[in-house]
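Per this note's numbering, residue 898 is the first one in the sequence shown, and the count goes up by one each step.
Just so you know, the hints here were simulated from the structure itself, not pulled from any lab data. Every residue gets a Cβ at the ideal spot worked out from N, C-alpha and C, and that includes glycine. Any given hint could turn out to be false.
With beta-carbon atoms standing in for the labels, derived distance ranges [claimed, not checked]:
(1) R1028 - T1099: 22 to 30 Å
(2) L952 - G1016: 14 to 22 Å
(3) P978 - G942: 24 to 32 Å
(4) A1123 - V960: 24 to 32 Å
(5) I1015 - R950: 29 to 37 Å
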Amino acid sequence: MSRPEIVISFAPELRLFVPSERRAGPTTVATDGSSSLGHVVESLGVPLTEAGRLLVDGREVPVSHVPGAGEKVEVRAVVRPQPVPGAPLRFLLDVHLGTLARRLRLLGVDAAYESEDIGDPALAALSAAERRVLLSRDRGLLRRRELWAGAYVYSDRPDDQLRDVLGRFAPALAPWTRCTACNGRLRRADKQTVGDRLEDGTRRTYDVFAQCATCERLYWRGAHHARLEEIVAGALNEFGGGAGTDGRAKALNVRSEKDVLTG
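Could you build all of it, start to finish, from the sequences and the hints given here?
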């Protein structure tokens, strides 16, 4: 008995996920007559985190739709900016995205990061438990059912990764308010109080300090400040027009004792 066939096409943004022979346009797919459209889409390589509207013969259907013979399916890309309902916008990044995590934190975005590989099941469970959007370049991880929400990071270059995430989710930006090492909140630090932790040259040169409320790391304007300012200015110029951006955060415009943007 022949299997029912559908005709499916993918938005240009999604074609990198599918086999090369399906990238040029609509192609025929044989289904089993019982699997959901979501299952069919994922079986062709596209994580559902990256699929936007699913259209069958021009009408939108849920991922649970069971496609019938002869249906024409369009898989659209997610809309940008993409709304994330049900929780404050927070992120979780896998072990391969440390630089992106630190840059998001530099901009004041809540970005948890696992510096050790805790495994896909644990990452997906943590995303669900804390209701965080999991950012990853691992397509298999993004297909895990227990995942609360996720997004594929399309580039391996940190500059492009940052633009991708900011453009997709439009998080509120509050630069210089988070610890780039642990994601904790920064607060003003009195120079006299923290003076015994400073090297002589730093103590003589700088007067404005901040400290992480969680890990107590100290920050001040240092040698790499210009590069940090460049990253912040670029993000604010392109993405920082939203009501959530806190310009007052410039009061904590400081630099850590370590190069926290690389590693």
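Comparing the hints with the structure gives:
Between R1028 and T1099 the CB atoms are about 39 Å apart, so this pair departs from the stated range of 22 to 30 Å. Against the hinted window of 14 to 22 Å, the Cβ-Cβ separation of L952 and G1016 comes to about 36 Å, which falls outside the hint. About 25 Å separates the C-beta atoms of P978 and G942, a value consistent with the hinted range of 24 to 32 Å. For the pair A1123 and V960, the beta carbons lie near 47 Å from each other, so the given range of 24 to 32 Å is not met.
Between I1015 and R950 the beta carbon distance is about 34 Å. The supplied range of 29 to 37 Å therefore holds.
Checked against the numbered hints above, the structure violates hints 1, 2 and 4; every other hint is satisfied.
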